[in-house]
Amino acid sequence: MSAPRPPVHAEAVPGRPSCARWVVPPGSLRLVGVPERVPAPLARLLDEGLLVHVEVEPAAVLLELAPAHTWAASGDVVRGALQDALTDPEGWVPADGDDPAREHLAAAAREVLAGEVGAYARSHGGSLELVAVHDGVVDVELRGTCDGCPAAGRTLEDRVLTAIRSLDPSVTAVRSVRPDAPSDRAGGRRLLPLVFRR
Amino acid sequence: MSVMSAMSLRRHAAPVLVPASVGPVEERVATLSALRCGAAGTVTGVVADDPAVAQRLVDLGFVPGTPVETVRRAPLRDPVVYRVAGYEIALRKAQADCIRIAPTA
Amino acid sequence: MSDHCGPAEPAGVAVAGRRRIALVGSPNSGKTTLFNALTGLRAKTGNYPGVTVTRYQGVAETALGPVVLEDLPGTYSLTAISPDERIVAGVLDPADDSQDTPDALILTLDATTLRRSLRLAAQVLRADLPVCVVVTFTDELTRRQGRLDLAALGRALGVPVLAVVGGRRQQLGELRELLGGPATWSRPLVPPPLDAEAVSGWVDSVLASAGYAAPELDARTRRLDAVLLHPVGGTVVFLATMFVFFQTIFTLAAPVQGLIETGFAALGDQVRASIGVDWLAGLLADGVIGGVGGVVVFLPQIALLFVLISLLEGVGYLARAAFLMDRVMARAGLEGRAFVALLSSFACAIPGIMATRTLPSTRDRIATMMGAPLMTCSARLPVYVLLIGLLVPSDARVGPIGAQGLVMFGLYLGGAVSAMLTAWLFSRLGRSAGPALPFYMEMPPYRLPSARSVLLAVYDACRGFLAKVGKIILGTTVVLWLLLNLPAPSDAELARAGVDPADSSAVASYTIDHSLAADVGRAVEPVFEPLGFDWRINVGVLASLSAREVFVATMGQVAAATNPDDPSQALADLRVQDGPRAGEPLFTAPVLAALLVFFLYALQCMSTIAVLRRESGSWRWPAIAFTYLFALAWTMALLARVVVGAVT
Ligand SMILES: Nc1nc2c(ncn2[C@@H]2O[C@H](COP(=O)(O)OP(=O)(O)OP(=O)(O)O)[C@@H](O)[C@H]2O)c(=O)[nH]1
Ligand SMILES: [Mg+2]
Chain A
1 MSAPRPPVHA EAVPGRPSCA RWVVPPGSLR LVGVPERVPA PLARLLDEGL
51 LVHVEVEPAA VLLELAPAHT WAASGDVVRG ALQDALTDPE GWVPADGDDP
101 AREHLAAAAR EVLAGEVGAY ARSHGGSLEL VAVHDGVVDV ELRGTCDGCP
151 AAGRTLEDRV LTAIRSLDPS VTAVRSVRPD APSDRAGGRR LLPLVFRR
Chain B
199 MSVMSAMSLR RHAAPVLVPA SVGPVEERVA TLSALRCGAA GTVTGVVADD
249 PAVAQRLVDL GFVPGTPVET VRRAPLRDPV VYRVAGYEIA LRKAQADCIR
299 IAPTA
Chain C
304 MSDHCGPAEP AGVAVAGRRR IALVGSPNSG KTTLFNALTG LRAKTGNYPG
354 VTVTRYQGVA ETALGPVVLE DLPGTYSLTA ISPDERIVAG VLDPADDSQD
404 TPDALILTLD ATTLRRSLRL AAQVLRADLP VCVVVTFTDE LTRRQGRLDL
454 AALGRALGVP VLAVVGGRRQ QLGELRELLG GPATWSRPLV PPPLDAEAVS
504 GWVDSVLASA GYAAPELDAR TRRLDAVLLH PVGGTVVFLA TMFVFFQTIF
554 TLAAPVQGLI ETGFAALGDQ VRASIGVDWL AGLLADGVIG GVGGVVVFLP
604 QIALLFVLIS LLEGVGYLAR AAFLMDRVMA RAGLEGRAFV ALLSSFACAI
654 PGIMATRTLP STRDRIATMM GAPLMTCSAR LPVYVLLIGL LVPSDARVGP
704 IGAQGLVMFG LYLGGAVSAM LTAWLFSRLG RSAGPALPFY MEMPPYRLPS
754 ARSVLLAVYD ACRGFLAKVG KIILGTTVVL WLLLNLPAPS DAELARAGVD
804 PADSSAVASY TIDHSLAADV GRAVEPVFEP LGFDWRINVG VLASLSAREV
854 FVATMGQVAA ATNPDDPSQA LADLRVQDGP RAGEPLFTAP VLAALLVFFL
904 YALQCMSTIA VLRRESGSWR WPAIAFTYLF ALAWTMALLA RVVVGAVT
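Chains as they are written, first to last, in the working numbering: chain A, 1 to 198; chain B, 199 to 303; chain C, 304 to 951.
Worth flagging that the hints you see were computed from the coordinates, not collected in a lab. Just so it is clear, CB atoms sit at the ideal spot from N, CA and C, and this is done for glycine as well. Hints may contain errors.
Pulled a few chain C residues facing chain A out of the computed Cβ check, cut under 8 Å [to be verified]:
hint	residue
1	Val493
2	Trp505
3	Val509
4	Ser512
Covered by chain B, per the in silico footprint, the following chain C stretches (three or more residues, Cβ under 8 Å) [what the hints assert, rightly or not]:
hint	segment
5	377-391
6	494-503
7	742-752
Next comes chain A alone, as it looks inside the complex (with noise of 0.2 Å):
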């Protein structure tokens, strides 16, 4: 092993005990949902069946454990080949092969947009709303009060691009377009607002 081991933690999932949620530094896996195939090191597990499930999430792997076991016993075993996985992030195969890389960034910034900066929004009473994802620029839409709000337009802006990028990295540009105007989707495609789940 030469390269050293990717700084990693687990947080609990409320309400999935047998669930950790391990946050990886951002960037280091290119994709979301259920991979097709995992690294070696995590393969094993699955195939030992100390694993029952692996997840990505945005700068975050969620890992199920099967029910025999438990994460205080089989914490560092799973740490230690879930680094090594890491390592080696050509081996992370994702389950279909659209564009992994936009849908990891889309589903950072509907991370973002559900979490803290989205509820800022929402108290101020506006939202912010995905529109569109495309070659590392993510277009939100402001409605409510936020849309004419000059002020909002800009330290929104920033405010959102800063979280999507402790996420995901490769994010440019965070541009919002008002709900009236015709966007300019040239290049991307109208996202199906998603669930995020966390």
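Starting from the known structure of chain A, arrange chains B and C with the ligands on it as the hints suggest.
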């Protein structure tokens, strides 16, 4: 003074490497004590005769990969205040000798 | 809990059946501050890593009734290398039967040193106990432009996390709520790793998740260190501070002292006038009021001393002192922390001896314990002030500097140098006792101690002093009075000696001269004769074995019996009664010098002996210390008498 340093610098016992992470970069074995005042480096390992001493230095934050910086020398040149892991700590030369570093340019 | 003399045993609290919650955390992370806030107690705090060296218990009110809270020494790691750390490791180790494992832990994390503190957190979170994290110093983090998201930190650690700054009452509500039910606290789902490098990864990941921005360098600390840690500047500043301090001990305290003196004199007169029974009036006026009052007079000096000590401890100078003195201490085979233990002995040898627990090496510990009783403790202060007052006129000056302060400074310096030499000697003797263990000293930023904490320290010290006066000194004084006044001479005896029974002062001095105490004092005369002590001084010296201040009380009684109207003058006028020097003044310069030096060295403090026994684990060391220091005291006193005699 000489008695003291001779006592703590016993070099005959087998060294304990904590942890053995870095490869064979033996030619560049610089220790923290060699760092000029104001200079910085990165810890590459902790080597001490006594494993308890090595363990303690690690617990104090001198872990491989951590940046360190020399802040100030005592009037008689020893001990020296280092900045590591976001705080300042004074070490004697005997302890600083245990800490291997790669100087940063 | 007081700073003042008296072994600091873990406070006795009814523990049985109550839930016990222990405070763990890095040194100087604010455990004791939090403990005090939660329990309302006043355990000692200070801006120095290693203030608490023993376990303290107290009761904290919570939402669900009281719990027993236990304050522990700080530690950088659960792999202990010094006795204070072993206490923590022992308490947390369920396999250690000598200590009950607590039911839950409060882990304090200093927000300004979080990267290091989380390494300890990793170890603590692996212990199979409910843990609640209290983040401290968030005020300082903000001031130094750092950032930390507490909620995210809580998610990352998997345990309850909240912030309490300096034990502020407003922030304690939520904590009290939590302390009620540790069973409901969330536990980390996956325990943190064990391996050193894996811990670094864990710490990095947790910090990144918690949006941690480390604080910027403390500009104030940098600027102050540039002066205070300067090879020349630092030394000059330190000595100048001490110097000014010893001057103020005399000048600033004098008016208050005068007031107390007048008060006690008036009280004595009142008692003498209103009590008809002669012997009772004598006991109360001369014995109790003369003796106790003589000691209480020094309260202002004690208060001043503790203002200085608590300021030094509060601002963070002690760690610097350890840093500056480490090289010097190394010559004595010791280390900087030993110097701090010696410095703590300025208050009292007992906290100084206890502070040796922070030293990893047994040899260093014993050597420092042997030196600690030589540091000028606050109990010597009254003796010194009394004797210096007799030796040097208050208006005498050396250039612009008051001579009294100069002598006092010299005595403190003499004590410190002798302490170091003694430590050096014992460290040489104990050479084989083990290898040198690592020296490291965290340098906390300078902080402004709150006026409250300084005042409380001074108040506690004064209270401790008065309590000591009320117990040991009062008791000894009464016994002494009896010894000095029994047996009461019969009229026939007086007539035989040619004393007029109507002349009360003649009777008084006859009684004292033929008292039991006089017999004892004369019996030991051969020992102290070379030092120029007469039987009265001998009685004072013997009585001061219980506590040094008793010497002052004894002299007070002798003086009060001789001349109730002006005891201070009476003392100066005492004459040698018998022997070749009969008729000469008793307190000549050589004798006073010998006495001062004797008090500088002699181990006259039962509490110190008891603590030496406890901390060293056997009677051997206290016995050695007592003998060694007595021999030293006698020799040096003789030397002082000869030298001063030759000069004057
Ligand atoms: N600014 C600030 N100062 C604090 C805070 N908490 C404690 N202090 C100060 O920090 C110093 C250390 O506090 P203590 O309570 O003695 O620390 P401790 O953890 O008991 O230290 P040891 O007993 O040496 O391990 C004291 O001077 C306190 O007044 C805080 O939250 N903010
Ligand atoms: Mg404490």
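So, going through the hints one by one against the coordinates:
no. : hint    : verdict
1   : Val493  : holds, 4 Å
2   : Trp505  : holds, 5 Å
3   : Val509  : holds, 5 Å
4   : Ser512  : holds, 5 Å
5   : 377-391 : holds (count 4)
6   : 494-503 : holds (count 5)
7   : 742-752 : holds (count 5)
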